[in-house]
Amino acid sequence: RQEAAKLAGATGGHWFGTRRAWLLALYFGLINGGYTSMVAWLPAYHIEHGGSAQGGADLVGLMTIFQVAGALGLPLLLRRWADRRPGLWLALAIQLVGFLGLLLAPTLASGLWVAMIGFGLGACFSQSLTLTLEHLKTPAEAGSLAAFVQGIGFIITGMVPYVTGWLRDMSGDFQASWTLLTVTVVAMLLVTTWFNPRGYAAAIARPLVAGKAAPVN
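Numbered according to the working numbering, the sequence shown spans residues 1 to 217.
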């Protein structure tokens, strides 16, 4: 007889013992860490390459415009897709090209690289929120999970600019910082593979043993 499943947060519990909840929080945090790092350090990076403070601000504005376009546009185009992975892969791939551009040809087309990063970041943000909510069927359960994911995720998001700034101080330029963000994007491309919608219920649930929820490993 197949055992029933009980959601970790369905009866007032928490998500701290659920691996998938932590994975979603880490995913959300690292994706948005790229945004906070760019906002924090893009103007300084631009000035280091001979640009002006106004030019750095213009790049942040450009990134924000494309971020909004990505957050609204890509989910709209893919609204009929039940599987979020293709959209996330596309958004991450666009980011990856942008970060590689900053690493390999920073002065060749800085506006293009920043626009691509912004579009990819925005599309990842909105789709990662949807990904979290779609793990559960009821608003109360989905809201509980989303609160956990965003709470933990934004703590991670806030830490990433400190790490990228520390790398800049240690190395003397932003190459190490952009390399870290590039590696993070590649890692998120791989992690996205795990988010098959057919596995949501099993990933976010824990079994019942003798009427009590079993501990989550």
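Derived by calculation from the structure, the hints in this document are not laboratory data. Each hint should be verified, as a subset may be incorrect.
[As the list claims (entries may be wrong)] For each label pair, taking beta carbons as the anchor points, the in silico distance ranges come out as: (1) L133 / Q54: 36 to 44 angstroms; (2) Q54 / R198: 32 to 40 angstroms; (3) G158 / L104: 26 to 34 angstroms; (4) N196 / A44: 34 to 42 angstroms; (5) T130 / A93: 28 to 36 angstroms; (6) A93 / L133: 17 to 25 angstroms.
Don't be surprised by glycine CBs; every beta carbon is placed ideally from N, CA and C.
Here's how the hints hold up against the structure:
1. For the hinted restraint 36 to 44 angstroms between L133 and Q54, the CB-CB distance of approximately 40 angstroms keeps it satisfied.
2. The hinted range of 32 to 40 angstroms is not satisfied by Q54 and R198, whose Cβ atoms lie roughly 50 angstroms apart.
3. For the hinted restraint 26 to 34 angstroms between G158 and L104, the CB-CB distance of approximately 29 angstroms keeps it satisfied.
4. The supplied range of 34 to 42 angstroms is met by N196 and A44, whose beta-carbon atoms lie about 40 angstroms from each other.
5. Checked against the hint of 28 to 36 angstroms, the C-beta distance between T130 and A93 comes to roughly 18 angstroms, which is inconsistent with it.
6. Take A93 and L133: their Cβ atoms lie about 23 angstroms apart, and the range 17 to 25 angstroms holds.
Of the numbered hints given earlier, the model fails hints 2 and 5; all others are met.
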